[in-house]
Structures are given as structure tokens and as C-alpha cells.
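Residue numbers (our numbering), protein chains in the order written: chain A, 366 to 510; chain B, 366 to 510; chain C, 366 to 510; chain D, 366 to 510.
Calculated from the structure, these hints are not laboratory results.
Some hints could be false.
Which copy? The list can't say, so a pair holds if one copy fits it or any two copies do.
[Stated by the list, open to error] Below are the DSSO-like pairs computed for lysine-lysine, each with C-alpha atoms no more than 27 angstroms apart in a straight line:
1. 392 to 413
2. 413 to 388
3. 388 to 484
4. 392 to 484
Given the structure is predicted, the values throughout are model-derived calculations rather than measurements.
There are 4 protein chains.
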Amino acid sequence: NTINSSASPMGAEQIQLLLHMCKEAKKSAYCPYSNFPVGAALLTGDGKFFSGCNVENASSPLTVCAERTAIQKAVSEGNMNFRAMAIASNSEEDFIVPCGACRQVMREFGRDWVIYMTKPDGTYIIRTLEELLPLSFGPENLKKF
Amino acid sequence: NTINSSASPMGAEQIQLLLHMCKEAKKSAYCPYSNFPVGAALLTGDGKFFSGCNVENASSPLTVCAERTAIQKAVSEGNMNFRAMAIASNSEEDFIVPCGACRQVMREFGRDWVIYMTKPDGTYIIRTLEELLPLSFGPENLKKF
Amino acid sequence: NTINSSASPMGAEQIQLLLHMCKEAKKSAYCPYSNFPVGAALLTGDGKFFSGCNVENASSPLTVCAERTAIQKAVSEGNMNFRAMAIASNSEEDFIVPCGACRQVMREFGRDWVIYMTKPDGTYIIRTLEELLPLSFGPENLKKF
Amino acid sequence: NTINSSASPMGAEQIQLLLHMCKEAKKSAYCPYSNFPVGAALLTGDGKFFSGCNVENASSPLTVCAERTAIQKAVSEGNMNFRAMAIASNSEEDFIVPCGACRQVMREFGRDWVIYMTKPDGTYIIRTLEELLPLSFGPENLKKF
Ligand SMILES: [Zn+2]
Ligand SMILES: [Zn+2]
Ligand SMILES: [Zn+2]
Ligand SMILES: [Zn+2]
Chain A
366 NTINSSASPM GAEQIQLLLH MCKEAKKSAY CPYSNFPVGA ALLTGDGKFF SGCNVENASS
426 PLTVCAERTA IQKAVSEGNM NFRAMAIASN SEEDFIVPCG ACRQVMREFG RDWVIYMTKP
486 DGTYIIRTLE ELLPLSFGPE NLKKF
Chain B
366 NTINSSASPM GAEQIQLLLH MCKEAKKSAY CPYSNFPVGA ALLTGDGKFF SGCNVENASS
426 PLTVCAERTA IQKAVSEGNM NFRAMAIASN SEEDFIVPCG ACRQVMREFG RDWVIYMTKP
486 DGTYIIRTLE ELLPLSFGPE NLKKF
Chain C
366 NTINSSASPM GAEQIQLLLH MCKEAKKSAY CPYSNFPVGA ALLTGDGKFF SGCNVENASS
426 PLTVCAERTA IQKAVSEGNM NFRAMAIASN SEEDFIVPCG ACRQVMREFG RDWVIYMTKP
486 DGTYIIRTLE ELLPLSFGPE NLKKF
Chain D
366 NTINSSASPM GAEQIQLLLH MCKEAKKSAY CPYSNFPVGA ALLTGDGKFF SGCNVENASS
426 PLTVCAERTA IQKAVSEGNM NFRAMAIASN SEEDFIVPCG ACRQVMREFG RDWVIYMTKP
486 DGTYIIRTLE ELLPLSFGPE NLKKF
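Starting from the given sequences, assemble the full structure and let the hints guide the process.
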């Protein structure tokens with residue numbers, strides 16, 4: 366498996382749990398302005414799970430997406446090695462995809478992990494970060510102090 | 366106590382724990398670009414604690430502050446009633462204060478809770494949200510769906 | 366006039382123009398999601414005017430406020446010395462106030478300039494940045510390269 | 366030309382001007398924290414040009430990129446039909462690419478316009494928005510009021 370060459374492959378159980386968690390996470394969404402709840406679930410390289418939801422604000426620019434909430438939770442508890450994220454919304458018609466801002470935040474932590482974009486009926490599509498944000502820049506491109 | 370009229374007053378122990386937690390949270394900061402770690406700890410109305418750190422990005426606008434990380438964690442686990450937040454940095458000279466963006470995110474969840482702005486030596490100043498973001502707007506000012 | 370001690374005082378004409386411009390700027394707002402147009406007008410230290418509107422996005426966090434649009438325009442044309450900003454919306458009930466994020470962006474360029482917060486009926490309230498974002502931090506608090 | 370099927374093709378002169386403007390725009394950058402100036406130039410469907418630079422803030426999340434400054438300027442002056450953007454930085458090694466947040470802001474205004482990503486030596490690569498942000502969502506995916 367080229368995507369997770371240095372890790373054990375994700376098991377079917379882990380994937381099922383991830384897909385379940387993102388749906389559950391949606392229930393905590395604080396979205397009084399859009400009425401568009403989103404949930405995300407994140408799996409780390411060593412098998413831990415973190416979930417997140419969108420948290421809106423009366424000033425739109427201060428709203429934050431579910432995907433970033435999950436990543437911030439993981440980072441704040443010492444995890445920066447990610448294998449997969451799953452995202453869920455109530456939209457029946459579209460697979461819910463991450464916005465460009467979230468893709469950049471994800472990309473900070475690697476290009477070869479995978480995103481599961483789901484529909485409420487349980488179907489999904491999968492892409493790597495590299496596929497979702499090609500020609501990106503990241504930590505390698507900036508000098509660190 | 367007018368600030369927490371509907372709640373039991375914060376005990377000295379809770380405050381000590383909050384001040385300790387924000388220092389600890391700083392250790393998880395992901396800040397390779399600024400080298401300026403910040404930690405935050407949040408106390409809910411029913412006595413739960415959440416902590417957060419700053420999570421930076423190669424694209425600066427996608428960086429997020431410690432205070433917002435803590436709030437997003439709390440909201441994503443069902444908590445929206447906050448009593449106090451404490452913030453810590455390594456800056457010896459200044460009490461670390463929340464940026465305007467964080468004040469607006471805090472304000473979404475009330476105006477009368479309090480922020481402890483600390484120095485590494487353990488001293489701090491306290492202000493309510495109302496004092497930190499006077500003449501603000503929030504959920505009450507917008508029609509919800 | 367302590368607010369503009371190093372500059373000639375703003376004339377009544379300049380203020381009238383600023384108040385007029387922020388109303389006009391509102392007409393360019395791109396706000397299909399909130400249907401809440403906002404306009405802003407900015408007066409520089411040497412008498413130039415810049416205006417801005419809110420520019421929304423299908424992903425809320427990527428929305429930007431009118432006040433920041435005006436400031437970015439001014440900066441991108443070489444202006445960083447500001448004297449006053451006026452803000453307008455269609456809300457009859459409230460004087461339109463800047464969000465915390467905008468206050469922090471304004472504060473980058475000084476603490477003693479003034480904000481005119483208007484109602485559609487032409488009335489307004491005025492505050493300095495220092496009053497709108499007390500206990501703030503800014504460029505002075507960070508080491509620059 | 367499939368990219369601008371409903372418009373006259375961009376002329377070589379327009380492209381040269383766009384590439385020149387993004388380099389010039391870089392000179393207005395306000396970037397005391399990163400010391401990484403970026404310039405952008407935007408060409409509208411009816412032949413108007415707008416430029417922008419990055420505008421940083423002591424609080425990183427409030428920094429804004431050059432690309433968004435250019436777009437906000439154009440929108441605030443009534444333009445929402447874009448044909449091309451060019452971006453310049455001082456980085457000799459890399460073609461400067463837009464961050465994910467900027468890609469989402471660009472995408473609000475269409476998927477088939479093109480981005481010129483340059484190096485200081487005058488070379489560049491070109492991609493459509495669709496190529497830079499595949500599988501995106503935008504205005505069509507959200508109900509408007
Ligand atoms: Zn997002
Ligand atoms: Zn902040
Ligand atoms: Zn604002
Ligand atoms: Zn950008």
C-alpha cells in the first residue's frame with residue numbers, strides 16, 4: 366500500500382469506525398446561521414481517533430469547519446501524523462468535500478493521507494491530499510526558525 | 366457575584382487548575398514559524414476543563430490561536446456555557462492577551478465570563494469579555510433560521 | 366485634538382464624504398449567503414479615501430468583512446496611516462460595529478484613530494480603536510525580522 | 366480557446382502586463398513578520414486590471430494573502446468575472462502557488478479561469494482553478510436566500 370507505506374494498513378473496522386464517527390460528530394455542530402451541520406473524524410498514524418464539527422459565529426469569517434476542529438484537537442493532544450479523515454453532512458445530493466482552507470490545514474501534516482467524502486446514504490469517495498490540493502506548498506517550502 | 370449569578374462561584378482550586386492547565390497546554394503548541402507557543406484552558410459552567418494550543422500553518426492566515434482551539438474542543442463535545450479561560454505564553458514582559466478574532470469567537474458564547482491573562486511568573490490580570498470586546502455584536506443581533 | 370495631534374483636524378466635509386462613501390460602498394457587497402450588505406470607507410492621514418464591502422464565500426470562514434477590504438485596498442496602494450473609518454449596513458435597529466477580527470486588523474495600524482458606526486438613518490456613534498479593542502497587542506509586541 | 370470560450374482570447378500584451386503588475390504589486394506588501402512579500406494581479410473578463418499584496422498582522426490568522434486582496438478590490442468595484450491572475454514572490458526556487466484558502470476564494474468566481482504562478486526570473490506555470498482545486502464546492506452547491 367503506497368499510501369501508508371510505513372504504517373500497517375487501515376483495517377476495515379477502523380474505516381467503519383471513522384465513517385460512523387463523522388456522522389456522530391455532526392450532531393454537535395453549532396450552526397445556527399447556516400443550519401448546515403458538518404462532522405469530521407480523524408484517524409492518526411498510531412490508531413487514535415478524533416472528531417470535530419463546524420462551529421459558526423455571528424461574524425462569518427470567524428466560523429470554523431469540522432475538519433479543522435478535528436485536526437486542532439488532535440494536534441493539541443500531541444498528534445501530527447494522520448492517516449485518514451472522513452467528513453459527513455446532511456446534503457443528500459453531494460459528497461461533502463473539504464473547502465480549500467481545510468485542505469491547506471490538512472496539507473500541513475502531509476500529502477499522502479486520505480479523505481473520505483461521504484453522503485448520508487453511506488456512500489463515499491476517497492482522495493489523497495495530493496489529489497485534493499495539487500501543486501501545494503507546505504512546511505518544506507518555508508524556512509523555519 | 367454578578368459574573369456567575371446563576372452558577373456556583375469558581376473555587377480557588379478550579380482557578381489554580383485552570384492556570385496550571387494553560388501552561389501545560391502550551392507544550393503541545395505547533396508553532397514552527399513563529400516559535401511563539403501559546404496555551405489556553407477553558408472552564409465550563411458545569412465544571413469541565415478543555416485546553417488548547419496554537420496550531421500554525423505555512424500559510425499564515427490558516428494558523429489558529431490556542432483560545433479558539435480550546436473553544437472548538439469544548440463545543441464539539443457539547444459544551445457552550447463557559448465561565449473562564451486562562452491563557453499562557455513564554456513572553457516575560459507582557460500579559461498574554463487574546464487577539465480580536467478570538468475575542469469575537471469567545472463572545473459568541475456570552476459576554477460576562479472572564480479571561481485570565483497570565484505571565485510566566487504566575488501573575489495575571491482578569492477581564493470579562495464585555496471589557497475586552499465592548500460594543501460587540503453577537504448571536505442576538507442576527508436572525509437565525 | 367489629542368486623537369490626531371500630528372495631523373490637521375478632520376474637516377466636517379471630510380466626515381460627510383466618509384459617511385456618504387460607506388453607504389455607497391455597501392452597494393457593491395457580494396453577500397448572497399447572508400443577504401447582509403456592509404460598506405466601509407477609510408480616510409488616510411494625508412486625506413485619501415478608500416472604500417470596501419463584504420465579500421462572502423460558499424465556505425463561511427473565507428468570507429471577508431467590508432472594513433478589511435477597505436484597509437487592504439489602502440495598504441496595497443501604499444497607505445498605512447489611517448485617521449477614520451465609517452461603516453454602514455441596512456440594519457435599522459443597531460449601529461453597525463466592527464467584528465473582533467476587523468478590530469485587530471485596524472489595530473495593526475494604530476490605536477488612536479476613530480471608527481464611525483452608523484445607522485441607515487444617518488445617526489452614528491464614534492469610538493477610537495483603543496476603546497473598541499482595549500488591552501490589545503500589536504506590532505510593538507512582536508519582534509520583527 | 367476552451368478556457369475563455371465566451372470571451373475574446375487574452376492577448377500577449379495583456380498577459381505581459383499582468384505578469385509585470387504582479388511583480389510591481391509585491392512592492393506594496395506589508396510583511397514585517399514573514400519578510401516574504403507577495404504580489405498578485407487580476408484581469409477581469411472585460412479587460413480591467415486589479416493588483417494586491419499580502420497584508421500581515423501581529424496575530425497571524427488575521428494576515429491576508431495578495432491574491433485575496435486583488436479579488437476583494439475587484440469585487441468592491443463591481444467586478445466578479447475574472448479571466449486570469451498572476452502571482453509573484455521573491456522565492457527563486459519555487460513557482461509561487463496560491464494557498465488553499467485563496468483557491469477557495471478564487472473558486473467562488475468560477476472554475477475555468479487561469480492562474481499564472483511565476484518565479485522572479487520571469488518563468489511561470491499556468492493552471493485553471495479546476496486544476497488547482499479539483500472536486501471543489503461553490504455557490505452552486507448552496508441554496509441562496
Ligand atoms: Zn473548511
Ligand atoms: Zn487569537
Ligand atoms: Zn469584521
Ligand atoms: Zn493565500
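Results for each hint:
no.	hint	verdict
1	392 to 413	both (21 angstroms within a copy, 20 angstroms between copies)
2	413 to 388	both (17 angstroms within a copy, 24 angstroms between copies)
3	388 to 484	within (10 angstroms within a copy, 41 angstroms between copies)
4	392 to 484	within (15 angstroms within a copy, 38 angstroms between copies)
Violated hints for the displayed structure: none, as all numbered hints are satisfied.
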